[in-house]
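4 protein chains.
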Amino acid sequence: MPKETALDDAEVAARMAELSRWELVDGRLHRELRFADFAEAFAFMTRVALAAEKLDHHPDWSNSWNRVVIDIVSHAAGGLTPLCFELAHRVDAAADGASR
Amino acid sequence: MPKETALDDAEVAARMAELSRWELVDGRLHRELRFADFAEAFAFMTRVALAAEKLDHHPDWSNSWNRVVIDIVSHAAGGLTPLCFELAHRVDAAADGASR
Amino acid sequence: MPKETALDDAEVAARMAELSRWELVDGRLHRELRFADFAEAFAFMTRVALAAEKLDHHPDWSNSWNRVVIDIVSHAAGGLTPLCFELAHRVDAAADGASR
Amino acid sequence: MPKETALDDAEVAARMAELSRWELVDGRLHRELRFADFAEAFAFMTRVALAAEKLDHHPDWSNSWNRVVIDIVSHAAGGLTPLCFELAHRVDAAADGASR
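Sequences listed follow chains P, F, H and R, in order. Reading the first sequence from the start, the letters are residues 1 to 100 in our numbering. Reading the second sequence from the start, the letters are residues 101 to 200 in our numbering. Reading the third sequence from the start, the letters are residues 201 to 300 in our numbering. Reading the fourth sequence from the start, the letters are residues 301 to 400 in our numbering.
Check the hints yourself; a few may be wrong.
Calculated cross-link-like contacts (lysine to any residue; reagent style SDA-like; alpha-carbon spacing at most 20 Å) [what the hints assert, rightly or not]:
id	chain 1	residue 1	chain 2	residue 2
1	P	Lys54	F	Ala136
2	P	Lys54	P	Ala10
3	H	Lys254	P	Leu83
Treat the hints as calculated values from the structure; they're not laboratory data.
For reference, chain P alone in the conformation it holds in the complex (with noise of 0.2 Å):
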């Protein structure tokens, strides 16, 4: 049983307007990041990490020197939950500290 319910059209929606720097791609959201090296890259995706792993919902994401791509979805609820926006958020929080 999924820890979540999916969101309906309407709420996601409604949530998409406050996350400026995401995009829904195929039921997903999606951003992509570029940082000064792969450092400054992998510091960040510490950062997303322990975020991740502290609201036990966890990204799909890649990671190409300065570069890093990010999904997130509820594989368990088949869809974008509340707690798919809240990571989302603490990715751009962290991105604010360090990308350019």
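Please build the complex by placing chains F, H and R on the supplied structure of chain P, with the hints as guidance.
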């Protein structure tokens, strides 16, 4: 100018013989790993990150909870170089400490 | 108000019996670890950091190349709490994966 | 044989003039930092770890929740070397991205 030149097919084949857990996919070294959980996966990634930064040669990789997928190629050399294989061996050493 | 209250001496003694690699030093749980090198030590620290953030209980710790020294106590409770022992067990689990 | 020889007092004094946030304590470079929380502190430490591994010169450091204390010296050279100062500058660069 690339730091290294790409190995030719015979050299790649010889080096692949020593990397039993990797396959060649689209001209890249490719390995997929699975860990007990996210924390173990990310600790492994940290160890690889430190090795990559030391070698100044970084993987293209992705993570989804307990899974890590790693691709290695030299974008600068346009192929596989000795450093690509060195990084792959260090990934294996890091995984032997932590993955199952 | 602390999240937890401190355990009394008898409770601490009972729980110490299950933590063979720790000793009580100045009322804190204390363990010293040694790894193959810095990269292995820091990967271990990353795994402990993820556990600590998840528990919302963090160690006082230091690192010098391949050595890590960990002290655990609840500053809020003014003593050792069940969460202190939970963190110590997670440190042991992380170390069993990586230290020698 | 050490990779580097220790700087003499005049050289140390000249280099200290460019490191306003560090002090000399017992012949070591010493700086204390404070972050918003543990996650931010540990992300900073990850960035320093990557720099240290790349330089092959590592700090003696400790962390307690949002605080990080760093000491730098060359044990091999028995004093401060150019690499010690390089590491200190990289710590400052990492901190400028994240600490307050």
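Now for the hints, and whether the structure bears them out:
{"no.": "1", "hint": "Lys54/P / Ala136/F", "in the structure": "17 Å, holds"}
{"no.": "2", "hint": "Lys54/P / Ala10/P", "in the structure": "28 Å, violated"}
{"no.": "3", "hint": "Lys254/H / Leu83/P", "in the structure": "15 Å, holds"}
Hint compliance for this structure: hint 2 alone is broken.
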